[in-house]
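Chemist: Each protein sequence line maps, in turn, to chains A and B.
Just add 29 to wherever you are in the first sequence, counting from 1, and you've got the working numbering.
Just add 82 to wherever you are in the second sequence, counting from 1, and you've got the working numbering.
Think of the hints as simulated: they come from the structure by calculation, not from any bench.
Heads up, a few of these hints could be off.
[What the hints assert, rightly or not] What follows is a set of in silico ranges between Cβ atoms, one per label pair, in the way DEER data are often shown: (1) B:G199 <-> A:S219: 30 to 40 Å; (2) B:K141 <-> A:I210: 26 to 36 Å; (3) A:E130 <-> B:E233: 49 to 59 Å.
The beta-carbon is built from N, C-alpha and C at its ideal position, and this holds for glycine as well.
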Amino acid sequence: MPRRIVTGIQGIGHRVIDSVWRLGYASRFFLLTLLKSGTSLRRFGLIIRELYFTGVLSLIIIIVSGLFVGMVLGLQGYETLQRYGAESAVGTMVALSLLRELGPVVAALLFASRAGSAITAEIGLMKATEQLAAMEMMAVDPIARVVAPRFWAGVISMPLLAALFSAIGIFGGYLVAVILIGVDEGSFWSQMQGAVDFRYDIVNGVIKTFVFGIAITAIAVFEGYDASPTAEGVSGATTRTVVTSALAILGLDFILTSFMFRGMG
Amino acid sequence: MQRTTMDLWVGLFVMAGVGALLVLALKVGNLGTYSAADSYTLTGNFENIGGLKVRAPVKSAGVVVGRVTDIQFSTETYDALVIMSIDSRYQFPKDTFASILTSGLIGEQYIGLAAGGDDAMLKSGDKMMKTNSALVLEEMIGRFLFNKASEGDGNEDAQKN
Numbered sequence: 030m031p032r033r034i035v036t037g038i039q040g041i042g043h044r045v046i047d048s049v050w051r052l053g054y055a056s057r058f059f060l061l062t063l064l065k066s067g068t069s070l071r072r073f074g075l076i077i078r079e080l081y082f083t084g085v086l087s088l089i090i091i092i093v094s095g096l097f098v099g100m101v102l103g104l105q106g107y108e109t110l111q112r113y114g115a116e117s118a119v120g121t122m123v124a125l126s127l128l129r130e131l132g133p134v135v136a137a138l139l140f141a142s143r144a145g146s147a148i149t150a151e152i153g154l155m156k157a158t159e160q161l162a163a164m165e166m167m168a169v170d171p172i173a174r175v176v177a178p179r180f181w182a183g184v185i186s187m188p189l190l191a192a193l194f195s196a197i198g199i200f201g202g203y204l205v206a207v208i209l210i211g212v213d214e215g216s217f218w219s220q221m222q223g224a225v226d227f228r229y230d231i232v233n234g235v236i237k238t239f240v241f242g243i244a245i246t247a248i249a250v251f252e253g254y255d256a257s258p259t260a261e262g263v264s265g266a267t268t269r270t271v272v273t274s275a276l277a278i279l280g281l282d283f284i285l286t287s288f289m290f291r292g293m294g
Numbered sequence: 083m084q085r086t087t088m089d090l091w092v093g094l095f096v097m098a099g100v101g102a103l104l105v106l107a108l109k110v111g112n113l114g115t116y117s118a119a120d121s122y123t124l125t126g127n128f129e130n131i132g133g134l135k136v137r138a139p140v141k142s143a144g145v146v147v148g149r150v151t152d153i154q155f156s157t158e159t160y161d162a163l164v165i166m167s168i169d170s171r172y173q174f175p176k177d178t179f180a181s182i183l184t185s186g187l188i189g190e191q192y193i194g195l196a197a198g199g200d201d202a203m204l205k206s207g208d209k210m211m212k213t214n215s216a217l218v219l220e221e222m223i224g225r226f227l228f229n230k231a232s233e234g235d236g237n238e239d240a241q242k243n
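Just chain A, same shape as in the assembly (with noise of 0.2 Å):
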């Protein structure tokens, strides 16, 4: 019995102690991205390649989804601020909840779930068929060639992405509130233009995308770099990528929103 209490005891440490060795390997990772980035950045076309996977093929999901948040905004909100007489104000809380928050985080939640998980089974497969060894065989970094590449596309797409999903979940607001229930036109856009600044709202949106796809694209390109090289280590880093991102990505937000709004203007 005591026993089994210490092998208990020693269980739990030697996790704690597993996740900060974890922690420490990612961060001399993500820095180690950043320094052979250069060759990556002077091979543009490798970047290219990646933003084609990475931003080309999520467009239809963010589109589609941000056109229905963008609905369900515009009947929620009329809904709630009809019954205050302030239902012209539909467009201003549909632009604000999606320049502010839904924009950026949902659109990272989809990029996690789209891209960042198709980036880790891909160069985890690689590690398991051995061409991450094979390419340092020929004296190729792996990190300068397969990994940088991936990092610099999910970071230069995820703010593009967002900002397309928040002008479409604007466009389904209008579609909803203007043509479908008959709210003015001309209050509905005044509203909203009087209300959204472009520095505070619209460039701390943006910030927000950044620090996101950063975040989302190195779990994503750590977990595939690290996953064992077994069919059952390249699934579960894709699982680990998708809850990571997610909570990297809520937690994020929260720290970063109480830096940005302060309930100023």
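Starting from the known structure of chain A, arrange chain B on it as the hints suggest.
Modeler: Frame of chain A, contents of chain B only:
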């Protein structure tokens, strides 16, 4: 390096993303409607600004002519110093009346300018002498109750007479 169809798609994607950002900035945000390029500064002291905020519009006859750029508390006069930047297309006479108004019952507060009849115009950095504070609901209710009470006294007096 050869051009591929992938390049075309990536180009389209980047164009769409940048286009969405531009739409957000110009159509949704206030970047297109207001530029600080040609403007001059006016200040005014208000006894009470109520819920006026920085970036609130300055309107005259309902037309937006400028924005509030800064709100400070003046320790000399113990009231609020509001600094606003006005579009230089619009000039106002020296005796222009500035009052803090509310759009709608629960809408945002803005500064309304009512032009006076003076021949001299306000210049950049000038202070508007005639200002009118925001209506604070609690004060209004308090005054209303006070008036009601004194009105009641007046009625009793009238009945006696």
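Chemist: Now look at each hint and say whether the structure bears it out.
Modeler: Each hint, compared with the structure:
| no. | hint | in the structure |
| --- | --- | --- |
| 1 | B:G199 <-> A:S219: 30 to 40 Å | holds (32 Å) |
| 2 | B:K141 <-> A:I210: 26 to 36 Å | holds (29 Å) |
| 3 | A:E130 <-> B:E233: 49 to 59 Å | holds (51 Å) |
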